[in-house]
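Trainee: The lines below spell out each chain.
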Amino acid sequence: MTGAFRQFVLKVHSRCNLACTYCYLYQGPDSTWREHPARVDRATMERTAERIAEHAGRHALASARVDLHGGEPLLSGPEAVVRYARTVREAVAARAPGCRLRFTVQTNGTLLGRGSLRRLSAAGIRVGLSLDGGTARLDHRRVDHAGRPSFPAAERAARLLAAARRGEEPGIRPGTWAGVLCTIDIDRDPVAVYESLLALDPPSLDLLLPHANWTAPPPGVTDPGPVGRGPRATPYAQWLIPVFDRWWSQGARGQLPTRIRLFEEITALLLGAPSAVESLGHSPPAAVLVETDGTVERVDSLRSAYHGASVTGYDVLRHSFDTVRAAAWPPPPPAAVCRGCPVYRVCGGGNPSHRWARLPGGGTGFAAPSVYCADLEELIRHIATVLAEAARRKDTDPANPRCTLTN
Amino acid sequence: MSGHRGRAEGTGGASPGPVRARSEEPLPSPSALLPEGAVPHPSLGVLLPVIRARLAAPASVVAYYDDAP
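Here the protein sequences line up with chains A and B, keeping their order. Under the numbering used here, think of the first position of the first sequence as 5, with each following residue one higher. Under the numbering used here, think of the first position of the second sequence as 134, with each following residue one higher.
Worth flagging that the hints you see were computed from the coordinates, not collected in a lab. None of the values given here were measured: they were computed from a predicted structure. Even glycine gets a Cβ: it sits at the ideal position worked out from N, Cα and C. Treat the hints loosely; a few may be bogus.
[As the list claims (entries may be wrong)] Sample of chain A residues facing chain B (criterion: CB under 7 Å; computed from the structure):
#1 A256
#2 E268
#3 L274
#4 V303
#5 A330
#6 A388
Using the sequences and the accompanying hints, generate a full structural model.
Mentor: Written as structure tokens, this is what we have:
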């Protein structure tokens, strides 16, 4: 496979202080995380940084993303996160000085106080928060190992980040907050979830379909039916469409209240542009993951399919990222039914993790449509309809210049 | 509130809703969704700079992974 990795997901700590009720990582079929040390050590940081620098130099990368993950990465304290970022930055500066790095730490926010935030911000590390709603009731599934809600601590972190965004937190850069990742809970009112998160003023909001597949159906779907593109209920589309409608209507004054990647990517794809997410469209995958012991893996979400699904057999001690990409990176082929589907140019078959199935011909694999196929199609067609209706309107707004896709 | 069966208080018991038939109708073309010379919806106007940048350099666009384990 050609191309290069442009996103490096680095595990800082491979355990978590939360036990979210839907967590695919610690409560799913994969338990390989038990084989990895809890914390990344300095030697692994240095070797990983060298491999990233080697890759960036070899491919003359102009930019790359470095996402510091867990588990909960801040279980090692902010210094470990800062040290890992600094190690990568120094190695890349030496071997690929033209490569601009963007660092983000993805955290549950429970360990994120003002001191930690200042330290991360000073190191140029942005912060992504995982939060499923903007109230304790809406975020109820995110609990610690004793069942206690994580929301009060996470909300404090969100409010600090929001204050920093407004320039009200000395020592924390306004651009420190990267946004919120929200895993959809169809048992909660979608607009209530959206509005509650919006009240926290995040710069972006990702609405994530819970990781599921044909053998482990999504929450609320007891039986997804036969593998394929058949008629079925669409509870996730029914949840997402009211959020899209509310969000879209809020752009009436030429500004959107926050970015919502899922909707933006579908809109871009409908207008013929490529997508920048792996869960939609046909762009080449950018991400590779390095565990706390230096083993190289595919992305975590694949672990929701079966034990060992993310394992490659490679590690940064012995193998370059080019070796990994050439030998162990076949993207799952699309299902035959997908190639003939009128929506395929937008959905791209959906998130690879959601395609795992017992296949009609026997065996198992990722060569199925997404278990969310019907939901994705309904959402995509809804957004297409909204765009088409807007295009048909004769009334014009003098505040907006006439335009085409290319001007 | 949206009228969705999910509730702010999450009392549970959501049903998956009605079964939906699938359509073979093609999606509208990009030019049908934003005809030349049309005034974009204000929300679309916000998104257009990024979309145009991608259209101008499609080979530079890659698929990033975003997840929250």
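Trainee: Taking the hints in turn, state whether each one holds.
Mentor: Verification of the hints:
Among the interface hints, the one on A:A256 holds; its C-beta lies about 6 Å from the nearest C-beta in chain B, closer than the 7 Å criterion. Contact between A:E268 and chain B, as hinted, is supported at the beta carbon level, the nearest pair being about 6 Å apart and thus within 7 Å. The interface hint given for A:L274 is met, as the beta carbon of that residue sits about 6 Å from the closest beta carbon of chain B, less than 7 Å. Nearest Cβ of chain B to the Cβ of A:V303: about 5 Å, under the 7 Å cut. The hint holds.
Checking A:A330 against chain B: minimum C-beta separation of about 17 Å lies over 7 Å; hint violated. Below 7 Å, beta-carbon pairs count as interface contacts, and A:A388 has one with chain B at about 5 Å; its hint therefore holds.
When the structure is compared with the earlier hints, a violation turns up for hint 5 alone.
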